[in-house]
Amino acid sequence: MSCIEQMKYEILLDRTTYKAAREYIEKNSEEVYYVSPGYKIFKDYHIIGVPPIALGAKGNALIFTYTKPCYGTFVLTVDNEDSIKEIDRLRKMETEKVTPSLKKSKPAESSRAPLTSFQDMWKK
Amino acid sequence: MTGEKVLLMMGCPEVPIQTSIALYLSHKLANLGFDVTVAGTGAANQLLKVSDSDGYYVKKLVNLDKTLEDVIENRADFDICFAFMHNDAGMTYAATMSAVSKAKLYSIVFGRNAEALAETIEFDCEMIIEKAAHNPVQLKNRLDKVVEGILK
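Residue numbers (my numbering), protein chains in the order written: chain G, 1 to 124; chain Z, 125 to 276.
No lab work stands behind these hints: they were computed from the structure.
Accuracy of the hints is not assured; some may be wrong.
Listed next, the in silico DSS-like pairs over lysine-lysine satisfying Cα-Cα at most 27 angstroms (straight line) [to be verified]: (1) G:K85 / Z:K190; (2) G:K68 / Z:K255; (3) G:K43 / Z:K190; (4) Z:K173 / G:K68; (5) Z:K276 / Z:K173; (6) Z:K226 / G:K43; (7) G:K97 / Z:K226; (8) Z:K226 / G:K40; (9) G:K58 / G:K19; (10) G:K97 / G:K68.
With these hints in hand, go ahead and build the complete structure from the sequences.
See below:
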C-alpha cells in the first residue's frame, strides 16, 4: 500500500485521528464522496479507514486519508492525471447510484454529498 | 477448532506488551489446533523475529498491509481475528478488517489510553480492554478467559 509514498502528494493534515481527517475532508472539499474501507484508488492503494470513508475533490485534486500504524492518519492531496481519473470514477459511481432511484420515483439524491459531516446527515 | 484460521493483527509496537502477548497468544492458539498467522508492521515483525528467532512461537509471520490487501481482494480470509490497538491508527486498521472480513473480531485495546480509545470503537467486535503498557500479566489472564470462551 506504499505506492502513495512514491507519488507527488501534498500533506494537508498530519498525524491526526481518522475522525478528524474525515471531518477535514468534508469541510475542505468542493465535492465529497463516501466509499467503503478497502476502496482502491491510484490502481493499487486500498484505503484503510473507519466507515464511511470520505474522499474529496477540489478542482482536479483528490483529497483522501492515509493511515500509518505508528504515525496516525494523514490527509493527502494529489493533483495530476490520475486524480482526474479517480474523481471521474467517483462521479460516475454516484450517477449510477442515483439513476435506479429516479426510475423508482424515489426522491432524487444529490450526486454531491453536502459539506457537512456524515453523522450530521443522519441526525436530520 | 482444528484448523480454524486465526489472524493476530499487530499495530505500532511502541507499547511493550504487544510483542509478548502476540508471542503468547500465537503459541497458545497453535497448541490448541488453530492455524495462526501473525501480521504486523515492519518494526513489529522485527521485534517478533528477534524474540522468536527460531520461529518456535510464531510459525506464520506476514506483513500487515499485504495481508489486509489480500483480504480486501478476496485472496485470503480468517475465521477469527485478534486486533491489537493502543492508538487511533490501530483502531482504524481494525475497523477496516471488520468491514472487509468475515472473521469474528476481538479488539485487544491496551495502553494508558485504552478506555478512551475503546470508546471510539463503532464497529462490531468483542473488546478486551486493559490499561496495561509494560506488564502483560493481566491482559494475558483476560485473553486466557477469551480463548476458553472460544473453545466452548
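Verification of the hints:
1. G:K85 / Z:K190: Cα-Cα ~25 angstroms, so holds.
2. G:K68 / Z:K255: 23 angstroms, holds
3. G:K43 / Z:K190: Since the Cα atoms of G:K43 and Z:K190 sit roughly 15 angstroms apart, the hinted pair holds (cutoff 27 angstroms).
4. Z:K173 / G:K68: 21 angstroms, holds
5. Z:K276 / Z:K173: 32 angstroms, violated
6. Z:K226 / G:K43: Given pair Z:K226, G:K43 holds - Cα atoms ~25 angstroms apart, limit 27 angstroms.
7. G:K97 / Z:K226: 25 angstroms, holds
8. Z:K226 / G:K40: 19 angstroms, holds
9. G:K58 / G:K19: 20 angstroms, holds
10. G:K97 / G:K68: 31 angstroms, violated
In this structure, the hints that do not hold are numbers 5, 10, in rising order.
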